[in-house]
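**Student:** The hints should help you fit chain H onto chain E, whose structure is shown.
2 protein chains.
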Amino acid sequence: MIFTRFDRYVDRHARAFTERLQEICRMPSVAARGTGMRAMAEAIEKLMQRAGAGTRSFKIGSGYPILFGECGAGTKSFVVYGHYDVAPVGQLTDWTSGPFAPAIIDGKLYARGAANSKGDLVARLAAVEAYQKSFGKLPVCLRFIVEGEAGIGSPSLYRFAEINRELIAAEGCIWEEGHKDTQERFVISLGFKGITFLELRAHGARTDLHSKWAAIVQNPAWRLVQALSTVTSPKGVITIDGFSSHIAPVAAEDAEALKEIQLDEAGLKREFRIGGWLRGMRGSSLVKELIFGPTCTICGIQTGHTEAGPKTVLPSYAMARLDFRLVPDLTPQLVVELLRKHLDARGFKDVEIIELGSAPVTKSSRESSVARAAIESAPEIYGAPPVVFPLDPASGPVGTICGATDPPMAVVSFGMSYAGSNPHGPNENIRIEDFLQSIKYFGRVIHHLGEEVRQSKSGSHRISQALVLSES
Amino acid sequence: MIFTRFDRYVDRHARAFTERLQEICRMPSVAARGTGMRAMAEAIEKLMQRAGAGTRSFKIGSGYPILFGECGAGTKSFVVYGHYDVAPVGQLTDWTSGPFAPAIIDGKLYARGAANSKGDLVARLAAVEAYQKSFGKLPVCLRFIVEGEAGIGSPSLYRFAEINRELIAAEGCIWEEGHKDTQERFVISLGFKGITFLELRAHGARTDLHSKWAAIVQNPAWRLVQALSTVTSPKGVITIDGFSSHIAPVAAEDAEALKEIQLDEAGLKREFRIGGWLRGMRGSSLVKELIFGPTCTICGIQTGHTEAGPKTVLPSYAMARLDFRLVPDLTPQLVVELLRKHLDARGFKDVEIIELGSAPVTKSSRESSVARAAIESAPEIYGAPPVVFPLDPASGPVGTICGATDPPMAVVSFGMSYAGSNPHGPNENIRIEDFLQSIKYFGRVIHHLGEEVRQSKSGSHRISQALVLSES
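Protein chains in written order, with the numbering used here: chain E, 1 to 472; chain H, 1001 to 1472.
A hint or two may mislead.
[What the hints assert, rightly or not] Which stretches of chain H does chain E cover? Using the computed rule of at least three CB atoms under 8 Å from a CB of chain E, they are:
| id | region |
| --- | --- |
| 1 | 1147-1154 |
| 2 | 1188-1202 |
| 3 | 1269-1278 |
| 4 | 1284-1290 |
| 5 | 1313-1319 |
By construction, these hints were calculated from the structure, which means they are not laboratory data. C-beta atoms are modelled at their ideal positions from N, C-alpha and C, and glycine is treated no differently.
Excised from the complex, chain E in its bound form (with noise of 0.2 Å):
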């Protein structure tokens, strides 16, 4: 298929694209804030009408409303998942420009959000539009779920999943977003690590004393740091009890997808600003560890005063927000009763462990029609194959959506980000450059999943049926 009018759509909208993007990034949306949602969902839905979707909004009791969103034509649909609300923004004074300010510098946009992921869904509902204005109809029916929640463990998606299992069943799910690395490859990803996000709290007397009482009153900031030690080693290693017999050897199909991973360690070390990787791993240890390695992070440890200035005090309360990236064959349950389990065998009962939110592993074939669709539209504009992660080191609700048909539907992910994009820090921006070339990327995808649906036998008769109706 001859792509021309399609990239002169898109060239010629360029700047108008790059505005809507503008647009949606000066909507606040941040979750955990609940500032801005309904106007940010507003927004979304019309953006979606916009790219000729027929819409439905869910609200899922008192959750943000998830957008629904339909357009092309088959009875062969992808899901293509997306949310609208964005990480929180942190210390404001790290920012150069306003989070909600969308600035362009030096043809980047720099904004909460830009980069995860109101860019990709911004960008996938352009190429919808150019698409249909360049070739009419969609090879295949593209659904749109798009959630406000993904910052705050996707309740509400959840919830929709159980309820409306048929309008999520497809052949295939997109995932949000994805990322060039640091040699400016295009990653593609074929699946997501799990993750469990956990609070543990200690408490102690029932406000902040003067600190002369911690000779006899216990401190739950010393309580939490004693439970924490027990759960990682000095070198950074898990070690709740039985943690590490319940990680799967890596299969040999992806032991050689890891051969074609080259993290380009010079530069993220450049980027990160680090001297080493932790515990002195590099080259393809580096690269597995990143990939198949289970993680626990402590994401935010809060307790007594930690303002400027001294205060001497014996803190009331301790809290540590862990979250474990799991790979085959961990699974949340699985972890918080280990971890559960590790601490009271240390006499760490009174260290309470809080569940906030989790996601199962997600792991898709190559084989499958998303990956191949993605993978073989990429050369054209990306100039090369893509780079092949078999699992992304990142997590997200993608079982409650993949796990809608039985076996699971297959996942593939990839996106506009770059090295420099810092998702969730601050000052987190996408080039704009990187946007427009997503929009022309996500047109030859839909076309290849159109080439796919037509090459599998069952769905070529039908397929053309829809095409003709839809096109009447």
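**Tutor:** Frame of chain E, contents of chain H only:
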């Protein structure tokens, strides 16, 4: 001496004195923040002048003024230490009324600084005023030294003491504050634990990263937790190499004094809302640990994302604030050296130690003039002999003042707090009744100091002369 006239003056001015305290508490003076410090210093200087003191204001570099106020007569002087700065207010939401909107509810005055220690300063100056109005000149010379940096390690006071040794050198020192215990028994302390206040820091990537990177990038929060966990045992015992060998055994005379002290364990447990004491201690071992046990307190830890709402980040930075309360023969310098060696020996050379402030242990004789005056004045006002602590579990820059003479001058501390004053926490408060009582008590202390001086051979003659001179 008959105090009828003095007491009547205090009673008649009870309301005015209380309003004076409210006025002082209305002025925010958190040294760590810096707001309102100059206005506060000016107000305190005026308050001293109102009590008949000749005042001077010392400014050391960019520090907050140190106020010096001298009143009374005689070559025998006693230092009265105080500070006009207050602890940070912490979470405003934890306060029932504004920390700087002094509210009197059920006979209690709620305000940051009311207990620690604007109340005592205002009361002592009120006593000086009442004494002079009732009896003429004071029988001794009181030198009020009031700093504005108690909450930030008293840097100016150290320099001030070096430069103005002759202003400080005195017969003894009355320290800022004290309390009644949970059984309403008046407490007098004959010294203070030392303190060293440190910050431990660990560094990771240049910015918070997506926590997927935790598989290969070192987490400074884990480094800090692992390092800290070696500093105490899970039971809360300090485990720094060589630390315990520097703790002097409790002297026989001090062991005797400890027998007089009875902690109201049940009352304190209720007050703190805790089920039991550290390591299950109770009775005499609990008292001994409170008075003569060194402490290492995590006063605060901050790392990563700790606001509401989940955010899975790999922190770029982690810090903990530790205070050590020191008993004989531990010194601040020794503790820092031992801690550094201890961490280095365990591979934590990357964990920085920053010294934020320190003060040595100070301990005085029960036979010193200040101790005798304080102890002997108590029964008339408080209805019973005071509880005498050989060492106060709290700390302060006492050594700075008391070290102005050789041997160091004796120090004694007492004040108007009660068990529910919560001096470093939210809803700090004093009881108005205690405030007025402490004015009357301080009048007696002034008188007894005069008696002490008269009874000491060396002082009697010169004092009389001074009285004559100052009365002219």
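**Student:** Next step is simple, just say for each hint if it's right about the structure.
**Tutor:** Evaluation of the provided hints:
| no. | hint | verdict |
| --- | --- | --- |
| 1 | 1147-1154 | holds (count 3) |
| 2 | 1188-1202 | holds (count 3) |
| 3 | 1269-1278 | holds (count 5) |
| 4 | 1284-1290 | holds (count 3) |
| 5 | 1313-1319 | holds (count 5) |
Comparing the model with each earlier hint shows no violations; every hint is respected.
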